[in-house]
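Asker: Each chain, letter by letter, is given below.
2 protein chains.
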Amino acid sequence: MEAESTMSASELEYLACCGSTKFAKEMAMASPFPSLKEAITAARDIWFNKVDVNGWLEAFSAHPQIGERSRKVDTSAQWSKGEQSTALATATGSGLQELAEWNSKYRQKFGFVFLICASGRSSAEILSELKRRYPNRPIIEFENAAQEQMKVTELRLAKLFSTKEKAVPSGEH
Amino acid sequence: MEAESTMSASELEYLACCGSTKFAKEMAMASPFPSLKEAITAARDIWFNKVDVNGWLEAFSAHPQIGERSRKVDTSAQWSKGEQSTALATATGSGLQELAEWNSKYRQKFGFVFLICASGRSSAEILSELKRRYPNRPIIEFENAAQEQMKVTELRLAKLFSTKEKAVPSGEH
Numbered sequence: 001m002e003a004e005s006t007m008s009a010s011e012l013e014y015l016a017c018c019g020s021t022k023f024a025k026e027m028a029m030a031s032p033f034p035s036l037k038e039a040i041t042a043a044r045d046i047w048f049n050k051v052d053v054n055g056w057l058e059a060f061s062a063h064p065q066i067g068e069r070s071r072k073v074d075t076s077a078q079w080s081k082g083e084q085s086t087a088l089a090t091a092t093g094s095g096l097q098e099l100a101e102w103n104s105k106y107r108q109k110f111g112f113v114f115l116i117c118a119s120g121r122s123s124a125e126i127l128s129e130l131k132r133r134y135p136n137r138p139i140i141e142f143e144n145a146a147q148e149q150m151k152v153t154e155l156r157l158a159k160l161f162s163t164k165e166k167a168v169p170s171g172e173h
Numbered sequence: 001m002e003a004e005s006t007m008s009a010s011e012l013e014y015l016a017c018c019g020s021t022k023f024a025k026e027m028a029m030a031s032p033f034p035s036l037k038e039a040i041t042a043a044r045d046i047w048f049n050k051v052d053v054n055g056w057l058e059a060f061s062a063h064p065q066i067g068e069r070s071r072k073v074d075t076s077a078q079w080s081k082g083e084q085s086t087a088l089a090t091a092t093g094s095g096l097q098e099l100a101e102w103n104s105k106y107r108q109k110f111g112f113v114f115l116i117c118a119s120g121r122s123s124a125e126i127l128s129e130l131k132r133r134y135p136n137r138p139i140i141e142f143e144n145a146a147q148e149q150m151k152v153t154e155l156r157l158a159k160l161f162s163t164k165e166k167a168v169p170s171g172e173h
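Protein chains in written order, with my numbering: chain A, 1 to 173; chain B, 1 to 173.
The set of hints was computed from the structure by calculation and includes no laboratory data.
Where hints are given, some of them may not hold.
[Said to hold, decoys possible] Straight-line distance between alpha carbons at most 16 angstroms, and here's what the computed EDC-like set of lysine to aspartate or glutamate pairs gives:
#1 A:Lys109 - B:Asp45
#2 A:Lys159 - A:Glu38
#3 A:Lys159 - A:Glu13
#4 A:Lys151 - A:Asp45
#5 B:Lys164 - B:Glu13
#6 B:Lys109 - A:Asp45
All chains, please: the whole structure from these sequences, using the hints.
Answerer: Below, the structure written as structure tokens:
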């Protein structure tokens, strides 16, 4: 991945939505967007048609394991914590332990972190989904992870847009 | 990729058939096979169900670009040269130039080499197939490449088996 220090402020905002450098650069180039809807349409096209499989893996590797905290303290890590708040609030100690074990099994089989749009899901739901997806062929799980990544990206683009709207109230446009 | 120097002779034979370390190790563990048919069945299961997407990329990266010679002089490079012999015999200078340009375009879009089971195909056929596949989404092309890799692997397993049979004639079993 390109060093984040050489990226523009706009690119870094999009990188926090989806950790593929190519995605961030293409979104920054296509911006500004008149609305969230246009941003999401562009994001879907870039993610599924332009970012290659190495870019998908790059984006997946930017996620902390479900139930684990990221060591980073950037926007992406903060959003990730928020998205997992239901899971963390509903987890028992042994539940988190089981989730950690299955996460590790998953990573060993597929070579990337178990990716799920965790927002609003309990830890039991996440664990059951992980067990359901585990027997899949690697290529199927790769596509599932990319679909989940897109859901996460959409939520984060919405947050990015709402932050921007607060920063520039409509009366001052 | 694990250093080839730590691999067994059997693992190296399978690595020449398909450049994924995991594939080579699993095949060596499952061997010996009573016939080529059983070896191919095992290979298909390992390649599509056990090797993860990083392993697919590792195998793809072991191929020279179509029309280019590998810098390596190992079994895989020799077989590759044989598989491309029709393409090289039918190519004109400008044909090879165009193939090189499209290969480079393909690699830039998808992040891995254009993979096709070249055996018996003319350079014009290969170029036309490259142009047909180029507009595909990255994930579709990733699967196409994996299917082509499997065809190459099957041809190479057949060569490996015929070499072994020559080395140990049936009368001496």
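Asker: Looking at the structure, which of the earlier hints fail to hold?
Answerer: none
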